Amino acid sequence: MSRASAGWTLLAALGGWAVGPAAAAGDVDLAKSTPANAGPAWVGRTVGEVLDAAAIERVVLLKALTSTTADRDLANIRRILAAAAGEAFLDEPPPPTLLRLGHADSTWEAVIVTADGAVFGFTAGGERACLRAADGRTGCFVLARPSP
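For the sequence shown, this note's numbering begins at -14 and goes up steadily by one.
Incorrect hints may appear among the rest.
[Unchecked claim] Label pairs and their in silico Cβ distance ranges: (1) 100 / 129: 17 to 25 Å; (2) 16 / 102: 15 to 23 Å; (3) 9 / 56: 29 to 37 Å; (4) 70 / 45: 16 to 24 Å; (5) 29 / 57: 18 to 26 Å; (6) 30 / 51: 23 to 31 Å; (7) 54 / 12: 25 to 33 Å; (8) 60 / 130: 15 to 23 Å; (9) 129 / 46: 15 to 23 Å; (10) 75 / 9: 28 to 36 Å; (11) 16 / 71: 27 to 35 Å; (12) 29 / 129: 15 to 23 Å; (13) 42 / 14: 32 to 40 Å.
If you're looking for bench data, these hints aren't it; they were derived computationally from the structure.
No experiment lies behind these values; they were computed from the predicted model shown.
All C-beta atoms, glycine included, are put in the ideal place defined by N, C-alpha and C.
Sequences are here, hints too, so could you generate the full structure?
The structure is reproduced here in C-alpha cells:
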C-alpha cells in the first residue's frame, strides 16, 4: 500500500469517527429539544394527565443535594410525582436551566422512564418541580407541602 492510499484510508476512518455514529432510534434529547422562547406546554392539564406515576418504570437520579441515601432520594422523586398527580401545571415558563447539572436552585434532577418508553427530564427544588418531555414540551408545578 502506498503512503498516499494509506493516508486516505486513515482520513476516511477518522472522518467517520469524527462525524460519529447517527443517533439510534431509542435515543432521547432532553437538552436541545426546546427553543429558548418556548412557553409552558401543559397549562390546564394536571401532572397525572401528563405522567402517570404508577407507570414509572425507572428513575435515573442525576443530582441530589440531600443528606439521605440514594434509595430515599429515588423514593422521594416517585412520591413527589404521585402526590402531584392532581396538581395543575403553572402558566409560566420553566426556568432556562431545567436539567442543567449544578444549578443551585434544584434539589433533585432525574430522568424518568415509563413502561411505555416515554422519557421525561425532572427537576425539583424550592417550591416547584418541572418536567420536560422528549419532544421538548415543558411545564412546572407547585410541590405539595409535606405532611406535619
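Structure-based check of each hint:
One distance hint, 17 to 25 Å for the beta-carbon pair residue 100 and residue 129, holds here, with the actual separation near 24 Å. The hint said 15 to 23 Å for the Cβ distance between residue 16 and residue 102, and at roughly 19 Å that hint holds. For residue 9 paired with residue 56, a C-beta distance near 30 Å keeps the hint of 29 to 37 Å intact. As the Cβ distance of residue 70 to residue 45 is approximately 21 Å, the hint placing it in 16 to 24 Å holds.
A C-beta distance of roughly 33 Å is found between residue 29 and residue 57, which places it outside the suggested range of 18 to 26 Å. Roughly 29 Å separates the CB atoms of residue 30 and residue 51, a value that falls within the hinted 23 to 31 Å. Checked against the given bound of 25 to 33 Å, the beta carbons of residue 54 and residue 12, roughly 30 Å apart, stay inside it. Checked against the given bound of 15 to 23 Å, the beta carbons of residue 60 and residue 130, roughly 18 Å apart, stay inside it.
The hinted range of 15 to 23 Å is satisfied by residue 129 and residue 46, whose Cβ atoms lie roughly 20 Å apart. Hint check: residue 75 to residue 9, Cβ distance near 34 Å, so the stated range 28 to 36 Å holds. In this structure the hint that residue 16 and residue 71 lie 27 to 35 Å apart at CB holds, the actual value being about 30 Å. For the pair residue 29 and residue 129, the beta carbons lie near 19 Å from each other, so the given range of 15 to 23 Å is met.
In this structure, residue 42 and residue 14 break the distance hint of 32 to 40 Å, their C-beta atoms being roughly 20 Å apart.
Checked against the numbered hints listed earlier, the structure breaks hints 5, 13; every other hint is satisfied.
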